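Keeping their order, the protein sequence lines are chains A and B.
Heads up: the first sequence at position 782 corresponds to 782 in the UniProt record's numbering, and the numbers run straight through without jumps.
Heads up: the second sequence at position 649 corresponds to 649 in the UniProt record's numbering, and the numbers run straight through without jumps.
Hints were generated in silico from the structure; no laboratory data involved.
The model shown is predicted, which means the values in this text are computed figures rather than measured ones.
Among the hints, erroneous ones may be present.
The list treats identical chains as interchangeable, and a pair is accepted whether it falls inside one copy or across any two copies.
[Said to hold, decoys possible] Cross-link-like lysine-lysine pairs, in silico, DSSO-like; alpha carbons within 30 Å at most:
hint: 1; residue 1: 718; residue 2: 659
hint: 2; residue 1: 823; residue 2: 954
hint: 3; residue 1: 936; residue 2: 824
hint: 4; residue 1: 681; residue 2: 718
hint: 5; residue 1: 659; residue 2: 690
hint: 6; residue 1: 773; residue 2: 656
hint: 7; residue 1: 659; residue 2: 233
hint: 8; residue 1: 587; residue 2: 718
hint: 9; residue 1: 773; residue 2: 954
Number of protein chains: 2
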Amino acid sequence: MGVFFLCIPSGDGQSESSPFLTPDSDGEHYYEGKNMALFEEEMDSNPMVSSFLNKLANYTNLTQGVREHEEAEDGVRRMTVMVPLMGTFIGVYLPCMQNILGVILFLRLTWIVGTAGILGSFAIVSMCCICTLLTAISMSAIATNGVVPAGGSYYMISRSLGPEFGGAVGLCFYLGTTFAGSLYILGIIEILLTYIIPTATLFEEDAAMLNNMRVYGTCCLVLMALVVFVGVKYVNKLALVFLACVILSIMATYAGVIKTIIEPPEFNVCLLGNRSLKNEKFDTCAKTEVVKNLTVTTELWSLFCDSKYSNTTCDEYFTLNNLTEIQAIPGLLSGVIKGALHDHLGIIDHSIMAGSNRSGDLKDAQKSIPIGTIMAILTTSFIYISFVVLFGACIEGVVLRDKFGYSVKKIPVIGILAWPSPWVIVIGSFFSCCGAGLQSLTGAPRLLQAIARDGIIPFLQVSVTGVLYQPSPSASGLSQVFGHGKANGEPTWALLLTVGICEIGILIASVDNVAPILSMFFLMCYLFVNLACAVQTLLGTPNWRPRFKFYHWSLSFLGMSLCLSLMFICSWYYALVAIVIAGCIYKYIEYKGAVKEWGDGIRGLSLNAARYALIRLEEAPPHTKNWRPQLMVLCKMNSDLLVKHPRLLSLTTQLKAGKGLTIVCSVLDGTYMTRANDNLKTAMAVEKTKGFSHVVVSSNLRNAFSLLIQSAGLGGMKHNAVLMAWPADWKLALGSLARRNFIETVRETTSANQAMLVAKNIDRFPSNQERLKDGNIDVWWIVHDGGLLMLLPFLLKQHKVWKKCTMRIFTVAQMDDNSIQMKKDLQMFLYQLRLDAEVEVVEMHDSDISAFTYEKTLMMEQRSQMLKQMHLSRTEREREIQSITDVSRGSIKRKKQSAVHAPPLNIMCIPEEEVSMSNVRRMHTAVKLNEVVVKKSKNSELVLLNMPGPPKNKKGDENYMEFLEVLMEGLDRVLLVRGGGREVVTIYS
Amino acid sequence: MGVFFLCIPSGDGQSESSPFLTPDSDGEHYYEGKNMALFEEEMDSNPMVSSFLNKLANYTNLTQGVREHEEAEDGVRRMTVMVPLMGTFIGVYLPCMQNILGVILFLRLTWIVGTAGILGSFAIVSMCCICTLLTAISMSAIATNGVVPAGGSYYMISRSLGPEFGGAVGLCFYLGTTFAGSLYILGIIEILLTYIIPTATLFEEDAAMLNNMRVYGTCCLVLMALVVFVGVKYVNKLALVFLACVILSIMATYAGVIKTIIEPPEFNVCLLGNRSLKNEKFDTCAKTEVVKNLTVTTELWSLFCDSKYSNTTCDEYFTLNNLTEIQAIPGLLSGVIKGALHDHLGIIDHSIMAGSNRSGDLKDAQKSIPIGTIMAILTTSFIYISFVVLFGACIEGVVLRDKFGYSVKKIPVIGILAWPSPWVIVIGSFFSCCGAGLQSLTGAPRLLQAIARDGIIPFLQVSVTGVLYQPSPSASGLSQVFGHGKANGEPTWALLLTVGICEIGILIASVDNVAPILSMFFLMCYLFVNLACAVQTLLGTPNWRPRFKFYHWSLSFLGMSLCLSLMFICSWYYALVAIVIAGCIYKYIEYKGAVKEWGDGIRGLSLNAARYALIRLEEAPPHTKNWRPQLMVLCKMNSDLLVKHPRLLSLTTQLKAGKGLTIVCSVLDGTYMTRANDNLKTAMAVEKTKGFSHVVVSSNLRNAFSLLIQSAGLGGMKHNAVLMAWPADWKLALGSLARRNFIETVRETTSANQAMLVAKNIDRFPSNQERLKDGNIDVWWIVHDGGLLMLLPFLLKQHKVWKKCTMRIFTVAQMDDNSIQMKKDLQMFLYQLRLDAEVEVVEMHDSDISAFTYEKTLMMEQRSQMLKQMHLSRTEREREIQSITDVSRGSIKRKKQSAVHAPPLNIMCIPEEEVSMSNVRRMHTAVKLNEVVVKKSKNSELVLLNMPGPPKNKKGDENYMEFLEVLMEGLDRVLLVRGGGREVVTIYS
């Protein structure tokens with residue numbers, strides 16, 4: 001252990017004055033710092049591992065699963081070893097069982113076997129079982145990929161798939177659960193009215209059975225809602241009792257099957273031809289019977305005939321067919337299975353899937369869940385499939401097809417098989433339905449509440465949570481209660497809504513019609529669970545590391561396909577409706593702009609798609625036909641970090657560059673400020689410029705622009721043109737940087753084969769709101785460097801601002817050009833380019849180089865020389881330039897009045913000074929060209945000009961700026977355009 | 001005009017010596033240069049507009065359309081005005097007509113009306129007409145979007161949609177045309193055998209009609225192929241004659257309809273019950289007739305009964321029903337239309353669409369095409385629809401349903417309506433079929449040749465073009481001939497293949513079975529034409545500027561939907577087969593890697609998708625759950641412009657970063673060389689690193705790296721981690737730049753919230769081919785800065801190289817930590833993170849700061865001071881450093897032998913020099929930590945360590961490097977990891 005402690009302030013060591021080491025008893029304070037001093041820079045932001053672990057250990061929500069895990073691993077097998085075992089068996093396995101083995105097993109499975117035959121039912125039931133199993137596998141993977149806070153499958157799916165899908169699926173799940181409630185209640189009433197108290201029917205006619213269901217169903221719903229509202233905890237306690245009934249019923253059925261081997265039960269069914277008869281109103285299965293040696297007609301006779309007498313008119317079918325009495329349950333060994341194997345496949349109710357919904361509604365997503373769920377599904381699959389086979393093997397087909405057991409004295413068909421008594425089944429299925437119904441009514445409102453709490457479905461938030469969060473007595477404590485998953489308060493409004501929707505199901509009044517509805521909703525959920533798992537697996541984000549390893553994307557995909565197939569097999573129109581509903585919810589949430597960020601898989605997909613597309617694009621450069629302006633906008637920011645020329649962004653928008661790529665760049669000198677980027681984004685939003693923004697910080701602005709021009713963009717998505725404002729201040733002292741930057745930018749874009757657009761007087765360009773009327777967009781086409789010059793007006797004219805402008809193309813004919821032919825050729829060319837433009841060929845005769853030109857060149861050169869030689873101080877230089885330009889401006893005015901008419905001066909009169917003849921010629925072009933352009937296009941809305949290239953020799957840089965200035969003189973809005981060295985318009989389609 | 005000419009060399013003006021202006025007669029040479037001297041930099045690469053226009057005007061292929069346009073515009077209405085008019089009418093309108101009004105109109109339309117009823121046929125025919133019209137509109141847009149070189153619709157579609165779709169559609173179109181040939185030939189034979197020479201049948205039984213078709217069809221095919229092979233020009237000349245026949249037939253039909261108003265023709269049909277009878281073998285339509293007052297049985301009687309006698313056994317249907325004779329054509333005014341309106345909709349043959357294929361095979365894509373095509377479609381639509389109505393209105397339903405006119409003495413049903421003679425129809429339809437068949441056989445091989453020439457379908461290239469380009473007499477001139485679109489040579493092999501496929505159609509032998517096949521292929525083409533138009537419109541590339549303005553994406557979309565619907569209505573299994581075939585061809589071409597770049601719309605879609613995805617991604621930062629390492633790899637290149645540390649790329653690949661974004665960057669000092677980027681890409685390909693590469697040029701390396709770190713990536717696709725190699729040479733003289741670069745990079749990544757990975761001894765890292773066995777990946781987890789440290793081994797272990805390694809996590813417990821509890825907490829945490837790792841808590845007791853540490857710190861500081869004060873020359877400095885490090889290494893060895901056991905020296909024995917205590921503490925941590933790490937992980941395959949942050953004060957930079965060096969001393973492969981300031985692993989799912 002340390003003896004000496006260091007007492008040193010935790011500075012960076014440079015400010016220390018005392019190098020003495022003093023033992024210090026207060027050193028504990030520096031303990032952590034001392035041994036890990038190397039990491040002291042991190043300490044303020046990141047914790048040391050030991051303190052981090054300490055913090056973690058105190059987090060209650062995590063401990064549960066881990067404790068199990070720890071205990072299992074440490075081999076500490078104490079008495080508490082039963083607790084985790086119970087967790088799997090009672091916590092997962094049994095609830096799953098109860099939900100899967102629901103109303104359908106007892107009330108409809110026999111009928112399904114009867115109509116579809118053993119093979120058909122076997123196929124369908126297997127399909128359902130496989131689908132459920134695959135979904136359970138997918139769900140296990142999702143559930144074991146970390147800690148799910150609470151809320152079961154809804155949370156898992158929504159947090160895997162993102163708010164849009166999550167919300168849609170959550171609502172589907174909720175609707176499914178609610179309709180499941182309806183189904184169970186209808187089941188209860190059906191059992192009650194058909195088997196237990198048939199006399200209780202309010203409406204006597206057969207057709208009015210539906211009304212009985214409606215009335216009793218509604219009463220039952222209200223009763224159950226009250227039970228749920230008053231005492232949820234009693235519901236949970238009763239669950240085990242209900243489950244016991246179900247298990248007893250199943251046992252009784254198996255026992256019954258075994259008994260048929262020993263002694264088939266004496267249930268006979270009376271058939272007329274091949275139809276079974278409802279044996280309520282008769283006892284003897286014969287047309288006539290011998291009573292006291294007299295042949296009298298039976299009760300059956302009077303049911304089918306007009307009177308009791310044998311010569312009366314009878315139903316034709318009755319007359320033609322004979323009555324036979326068969327054994328309802330020939331027994332397992334009777335060979336009835338052979339006939340049942342090949343029955344026809346009728347309309348089948350697939351709500352079998354309505355089970356296992358709760359297998360998703362998991363309280364904790366721990367190790368026991370996959371085992372519990374999958375075991376439960378395997379068990380129930382076995383039960384279903386064995387029942388299918390046994391029913392087919394033991395019971396006559398005609399009896400199986402008797403949905404309500406009319407032919408067997410109103411006992412459920414499965415009941416006649418049961419041993420010791422059919423009542424075991426009746427009571428068992430009754431309680432099963434009660435329990436499941438109560439659970440649905442308990443679960444659904446909580447699910448709705450959870451969805452509403454997430455705030456992704458705005459209208460729900462208002463209607464459910466909004467009210468919930470009012471200071472009502474039950475709501476205040478709810479949030480916490482809900483978080484722990486133990487409900488002892490009730491979400492009143494959500495319950496009311498649930499009861500309302502449930503009532504819709506009850507008004508449908510038929511188990512057979514409600515079942516497909518909830519099947520749809522559940523199948524949709526399963527589909528999305530599988531989708532979520534498949535997407536996550538294929539995307540392979542590092543955080544997809546489920547503890548449950550036995551998943552595979554192909555299994556999830558198969559599960560997904562099965563879900564979809566079952567939806568359409570079950571009922572294709574219901575399936576379409578369900579998909580449309582889910583789609584609408586998705587769009588609604590997307591439209592309302594859910595801001596939840598749950599790390600959705602869809603987002604990951606989007607990223608992957610973008611990456612794939614970019615990599616694919618990189619493979620080959622685009623064809624001329626696909627060329628679009630992909631602009632990089634070089635944007636300056638003023639000292640307030642606001643965009644200096646917002647019109648530059650307007651122009652970008654007007655160029656419809658939004659259809660291509662737009663990168664708006666700005667370089668800051670100094671330290672990075674998020675504000676700058678935010679301001680840039682705001683400016684872009686205001687100007688409706690859609691694109692990306694880059695604000696970078698650099699001590700060297702020139703270097704930064706250079707690198708941006710080289711490296712901005714990604715893969716195939718690079719800019720091909722640079723747009724910037726003309727540096728109006730280049731003549732000022734501070735502008736020397738601007739000048740150098742401008743010329744170097746031109747050079748760099750040229751060497752990177754990018755086009756260049758320079759806007760003069762950018763602040764006078766029209767805003768996006770203006771609408772120009774009847775103006776001209778004039779193109780001065782001097783050099784053909786790719787056709788960008790002609791494409792730009794076309795693009796501008798697509799925007800409302802420039803729509804009404806006319807495009808005019810001017811070109812300059814020189815002495816030996818046939819200008820009439822040139823005009824025709826140009827018209828032809830434009831026709832082939834499919835561009836509408838007026839064409840004009842301007843003759844620019846080979847006039848002499850005027851004295852004015854010489855004068856101007858001379859001054860320009862002199863100034864340039866002077867500046868170089870004298871090393872003027874910055875301020876002096878500024879004054880100097882100012883005076884020179886004042887003079888030259890004066891001379892321009894003078895010149896303009898005389899230029900056209902005055903005869904060329906003799907050049908020899910210019911003093912023999914060092915005038916660069918190359919510069920003279922350039923200046924001559926600039927002056928002459930400016931003259932014709934001003935003459936023709938002075939009043940145009942926009943003039944597009946070819947931008948001459950910068951001099952190859954850097955010495956001429958200053959002159960270059962002067963040439964451009966002269967070229968654009970007297971014009972208002974100018975866009976200098978320099979092609980990127982490649983063709984951008986084509987006459988070919 | 002100019003008098004003085006300048007004789008100046010075209011330099012940049014700086015080299016001039018003579019300022020004198022001499023008049024020069026040779027000045028013409030500089031003419032262009034002088035007046036446009038400003039643009040002389042452009043002259044070498046870009047032409048002046050006048051010379052460009054000149055060049056254009058000489059291009060023959062463009063002139064034709066423009067000349068028309070010019071003439072039309074200039075109002076020069078000379079005699080030649082008829083030429084363009086002819087172009088539209090004869091060039092487009094009539095050929096379209098001929099193809100649309102084909103075999104179906106004459107041979108099957110009556111039957112369609114008979115089975116589907118007027119309303120049904122009307123609906124179907126209208127649907128077809130609308131579909132064709134919409135396709136024509138889409139095609140007009142595509143065709144008028146520039147000059148299509150040659151080859152018609154195939155070229156247009158392929159160049160709009162890209163090679164994959166283009167090839168698939170081209171082949172579909174080819175197969176469609178070929179099967180159309182079969183259809184026409186079958187039509188010819190049907191007309192011949194049924195109506196013209198019924199006696200010519202080889203096989204007498206009714207069922208053997210198919211064999212007749214096969215034999216005669218094959219003969220006819222061979223004959224036609226010979227005609228095509230020998231003299232294509234005669235075929236083209238006959239086309240007009242054939243067309244005249246068609247028009248005459250149509251006229252005859254209309255005339256016939258008018259005649260029915262005046263006097264319905266005397267065609268009677270004999271009905272037995274409601275079935276018509278084939279009236280070949282009998283004359284009298286009665287069971288018995290009175291001949292010489294005797295009632296005798298008729299010929300009909302003997303056909304249905306065993307004998308002539310009236311008491312014999314007859315066919316039951318014959319006995320039960322009476323014979324009636326009705327008028328076949330009650331006429332327009334008879335009211336028969338009422339009955340026909342509501343006939344049932346039977347199976348309908350939709351090959352109606354088989355027309356208009358040629359409307360796509362345009363010779364030139366000019367202004368007249370849209371008008372011609374659309375007018376032709378409107379005309380034929382009118383004809384079809386009027387025929388449907390008139391047939392229904394004039395002819396008895398039972399006659400209409402008689403497909404081959406058996407009940408009307410083997411005259412085509414439309415023939416009995418025709419005036420003056422049914423033979424007009426028979427002859428007309430016969431020649432129509434002949435013409436169309438010949439055209440199909442002429443067109444199809446040329447289409448195949450065009451597809452083969454494009455080289456997008458490899459096997460075709462070999463089988464068709466490969467042979468064609470052999471020095472065979474006909475092939476050499478073909479290329480040129482084909483280019484001009486005037487065929488007078490014949491693509492022999494393509495013709496043979498076409499004949500072979502055509503024969504398949506003939507062997508099917510039934511017009512009704514072949515028609516759906518070709519319908520499928522054509523509908524598929526139409527579908528793609530519409531798709532191409534819709535995609536182009538929606539993408540809105542600047543080059544999508546069709547001259548034909550009356551298109552809209554919604555029309556194209558509707559057309560597309562109609563095509564798809566018709567395909568499935570027509571025959572859903574054929575439709576599926578056709579789609580599968582097209583899909584296979586698509587995949588085949590994609591797989592074979594078509595390198596053609598035609599500016600495909602699909603590519604544009606891909607770009608748009610990427611842009612949309614990136615913009616969407618930008619909206620929100622990704623959730624921790626979606627975090628993936630998006631690496632920027634800073635790569636150095638040596639003087640040969642090769643990647644210096646290729647293992648850096650291997651490591652990138654092994655990190656599975658391929659699933660995320662990877663940007664490999666390199667900065668060059670000097671001028672840009674494409675070679676550097678190519679080399680980088682090659683190295684990436686070798687190391688299987690999938691990602692983007694950036695090579696930028698900058699005079700300031702530091703600045704360049706800084707900007708890349710700030711600005712690389714686009715939108716939501718930015719890097720979040722920087723990977724680089726440890727600059728092993730930082731102690732050398734040249735390394736001072738490397739050092740500065742390293743530390744600044746660390747600083748910049750920190751301030752940009754990016755993670756940082758630094759690999760020591762990168763060249764000793766395993767290659768992608770190695771497979772490590774049983775090694776350890778050791779994580780030394782000191783500070784929790786986001787969890788990247790723990791995620792990286794997980795990612796590495798996904799790769800085959802590291803698969804068998806075991807991950808071990810070490811953490812350091814200090815004096816007051818309960819290391820047992822810490823271990824448990826850590827295990828729990830890893831369980832929640834779903835990571836498999838061995839956990840070890842190393843106790844690092846608070847030992848004293850050893851003399852060694854002081855010594856080392858002192859030396860480090862002294863050196864640093866000395867360097868600063870003495871301003872050593874570079875070489876001296878290098879030597880100095882070398883000697884110091886030699887000494888320090890020696891001392892490490894010494895220390896290592898003694899450190900553990902030696903008692904702490906009294907620190908006071910260190911001379912009182914300026915030792916910064918902060919540095920001492922840091923050095924202490926580094927030494928102590930290195931000690932435990934070396935002890936535990938010396939033999940590990942890889943050690944991951946937290947990287948301490950750089951000192952905030954820049955003065956300590958040199959020391960920082962020393963600390964890191966000490967920390968990693970004695971370890972082989974080390975990865976220093978610094979988190980990006982955000983959580984990257986989460987226990988939540």
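Hint by hint, here is what the structure shows:
1. Proximity of residue 718 and residue 659 under a CA criterion of 30 Å is satisfied in both settings, with 14 Å inside one chain copy and 22 Å between copies.
2. For the identical chains of this complex, residue 823 and residue 954 are neighbours neither inside a copy (38 Å) nor across copies (68 Å), given an alpha-carbon limit of 30 Å.
3. Taking CA atoms no more than 30 Å apart as the test, residue 936 paired with residue 824 passes inside one copy only; the shortest distance there is 20 Å, against 86 Å between copies.
4. Within a single copy, residue 681 and residue 718 get their C-alpha atoms as close as 20 Å, and across copies as close as 17 Å, so both meet the 30 Å cut-off.
5. For the homomeric pair residue 659 and residue 690, the shortest alpha-carbon distances inside one copy (9 Å) and between copies (28 Å) are both at most 30 Å.
6. For a Cα distance limit of 30 Å, the shortest separation of residue 773 from residue 656 inside one copy, 19 Å, qualifies, whereas the shortest one across copies, 58 Å, does not.
7. Proximity of residue 659 and residue 233 under a CA criterion of 30 Å is satisfied in neither setting, with 60 Å inside one chain copy and 49 Å between copies.
8. Taking identical chains as interchangeable, the C-alpha atoms of residue 587 and residue 718 lie at most 30 Å apart only when they sit on different chains, with a minimum of 28 Å there against 32 Å within one chain.
9. For a Cα distance limit of 30 Å, the shortest separation of residue 773 from residue 954 qualifies neither inside one copy, at 43 Å, nor across copies, at 61 Å.
Hint violations for this structure: numbers 2, 7, 9, all remaining hints satisfied.
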